[in-house]
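Peer 1: What follows is each chain in one-letter form.
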Amino acid sequence: MPRRDPDAVRAPKFSARDRLAFLLALVPWLMDHERVTVDEAAAHFDVDADLVRESVELIAVSGVPGDTSSYQHGDLFDIAWDAFEDRGEIVLTNLVAIDDAPRFSAREAAALIAGLQYLSSLPETADSAAIATLMGKLSRGASGPVAPVGVAGEATDGRLATIRDAVSRGVQLELDYLNSRGEHERRRVDPLRIDSNDTDWYLRGWCHLRQAVRTFRLDRMSDVVVTDRPIEHRVDEVALPDKLFEGATTELVVTLDVASAAVPLLDDYIPDGAPRSTHGDLVRLELPISHLDVLKRLVAGMPGVATVVGPPEARAAVEAWAQAALERYSVD
Amino acid sequence: MSASRTAPRVAVEERLFSLVLALLATEGGLSKSEILSTVQGYRQRFDKGGDNANLERQFERDKDDIRDLGVPLETVESPGDAGNNQLLRYRIRKGAYELPADVRFSAEETSMLNLAAMVWREGALSGESRRALLKLRGLGGAQAQQPVLGYAPRLRSRDAAFAAIDAALEKHLTVRFRYLKPGQTEASERHVIPLALVQYQGRWHLSAEEPETGRRKMFLLRRIVGAVTTGRPAPQRDGDFAAQALASLAEVWEAGIAELEVVAGSDADRRLGSRAGAERHGVVSTDGGSSNAGESLRLRLHFVDLAILADELAAFGPEVVVLEPAALRSAVRERLTLIGAAHAPA
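Heads up: the protein sequence lines correspond to chains R and D, in order.
Residue numbers are given in my numbering: position 120 of the first sequence equals residue 120, and the series is strictly consecutive.
Residue numbers are given in my numbering: position 275 of the second sequence equals residue 275, and the series is strictly consecutive.
One or more hints might be untrue.
To be verified - Partial list, derived from the structure: chain R residues whose beta carbon lies under 7 Å from chain D:
{"hint": "1", "residue": "R17"}
{"hint": "2", "residue": "G141"}
{"hint": "3", "residue": "P145"}
{"hint": "4", "residue": "N197"}
Unchecked claim - Below, a list of computed lysine-lysine pairs in the DSS-like style, where the Cα atoms sit at most 30 Å apart:
{"hint": "5", "chain 1": "D", "residue 1": "K171", "chain 2": "D", "residue 2": "K217"}
{"hint": "6", "chain 1": "D", "residue 1": "K181", "chain 2": "R", "residue 2": "K137"}
{"hint": "7", "chain 1": "D", "residue 1": "K171", "chain 2": "R", "residue 2": "K13"}
{"hint": "8", "chain 1": "D", "residue 1": "K63", "chain 2": "R", "residue 2": "K13"}
It is worth saying that the hints were derived from the structure and are not from the lab.
Glycine included, C-beta positions come from ideal geometry on N, C-alpha and C.
Isolated chain R (complex conformation) (with noise of 0.2 Å):
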């Protein structure tokens, strides 16, 4: 069974300036491999076959006007057609203009090294050093000055260098979790992947207490401890939900009141497709959600921009929060 790349799943359509992109990658790339096939192309660029194919075949017919500004043969690439078209195999046998691979672009370097900044807590970016030194050559690889796009890396999590442990082991994590009820429970899990949206930080695992997926806070874990048992699901035999909060089991779904510019705030619980309807600045959404208390936490950090329109119990569980949250003030 393929293993399932978690990029590849949306690649986006390639628009005329990826497909450039790839043409002036792809060619110096096929003068380094005298002899390589549509398919190992499109594997080592992780790309479609058919994209390959096609640019191949523009490669073969273009070139530069030349002296005599027509576009001559010997101004032209060329290819072995008949071991294209025959076995698939690519061989460049004229060369014209482009010697070598191109630079990055300012942006591309700036968001490459605004990714490696964001990325360095983890255990893999430990060696700053080396980090520096990757930087550095981007800096040199790139047409202009890098944009100046920064991340603040975080503190190292403790946490995640265990995690990462088990996940690279195949081994059974046991961890402490603290759900958005407030319970306390030892879970065993097997680690599929490390997930993160900006500063937090998520385990995707298989939940042997609840026999399923399940997304897993950082933040809300202790006492994590790495196993020796193997993981009994593999990422490649789950399907991971592209969503983090979706797909657990729910009955429940609630109404909300949106203003506009906050509906992002709750893409990760928004399954897509759900229904949805603009009333002036507001959107009204239906949000299935696993627990009240999940939803009384959610409403409650969203002040002014999100409203519970109903169920009422739902409304009832968010007003108790903050009416009990206002009684510890009530010395003021």
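Based on these hints, arrange chain D on the given structure of chain R.
Peer 2: Chain D alone, transformed into the frame defined by chain R:
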């Protein structure tokens, strides 16, 4: 215009690719009319002796597209005819186009870069990271082409203003937008020179200079209301503005201190206590009257923005009480009051 109507269609990427090849191959550069009349994708639409205004505009857009991809397309003035736009020549110098020979990446570096690109898989820089990965893979032999297994990290740039400001930074243009400060009901008009976009504790900030006063200002992207428009070319400013902006935010964070009381073992205890720089002061006696509070802990947190912290604390409901500063205490109370009122029975 009959020429363009009957011309066979040449795909956009073929025209762009041919333009790059033609300009890489020329030493002295090509003039615009040479390009339009000879390069594949233009020549089919070129009207000799006619009006090629559409084609010229196409060329202008193509130049921008190519430059956006990191291809250093240069203009060269003809000697003796400086300033004459018709005689400008265009070329791509190989030395400026090609990745320097010493910029190559080890297998380990390649897998880190794969991961760094994955971070941007959605949002304003997703195209850039996708193209950077294609270029990276073109370099190579390295075996570790797959992202470091087991991670799916993500940086978000879902503030609507991000793409517009990022583009203005790239093109060195001033920006104009309306900004709503917390506590104000009316957004005010701002006109600034953008210096850097930085994410600090999960939120994107714009560091900018006010052209009138020369003062450095920090804006939270989520408080920008409506569209960002670009204005005049911004005066050149030199410095590592991203690092400076992050350092100044870290200073604000260091100085911002909140004293909280959290219910021991609660979600607030665990999650707020997990934050960078959080300090627990041990168990304190619970203040009188709060029956639902069990054992309580004192927690000291650093923060950058009081209004944002107040939103976050409100989410924890009765699990947390703000002791200091008073402004944060009243901000949280206001939020709780608002939420309670919005959800009271009709």
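Peer 1: Taking the hints in turn, state whether each one holds.
Peer 2: Hint check:
Given the 7 Å rule on beta carbons, the hint for R17/R holds: about 6 Å separates it from the nearest Cβ of chain D. Taken as an interface hint, G141/R checks out: its beta carbon lies about 4 Å from the nearest beta carbon of chain D, inside 7 Å. Annotation: P145/R was flagged as interfacial toward chain D, and the flag is violated, the nearest CB pair being 9 Å apart, outside 7 Å. Interface restraint check for N197/R: the shortest CB-CB distance to chain D comes to about 5 Å, inside 7 Å, so the restraint holds.
This hinted pair checks out: K171/D and K217/D have alpha carbons roughly 20 Å apart, not beyond 30 Å. Distance check on the hinted pair: K181/D and K137/R sit about 40 Å apart at the alpha-carbon level, beyond 30 Å; violated. Distance restraint check for K171/D and K13/R: the Cα-Cα separation of roughly 26 Å lies within the 30 Å cut-off, and the hinted pair is therefore satisfied. Only pairs whose Cα atoms come within 30 Å are accepted, and K63/D paired with K13/R is accepted, the gap being roughly 23 Å.
Of the numbered hints listed earlier, those contradicted by the structure are 3, 6.
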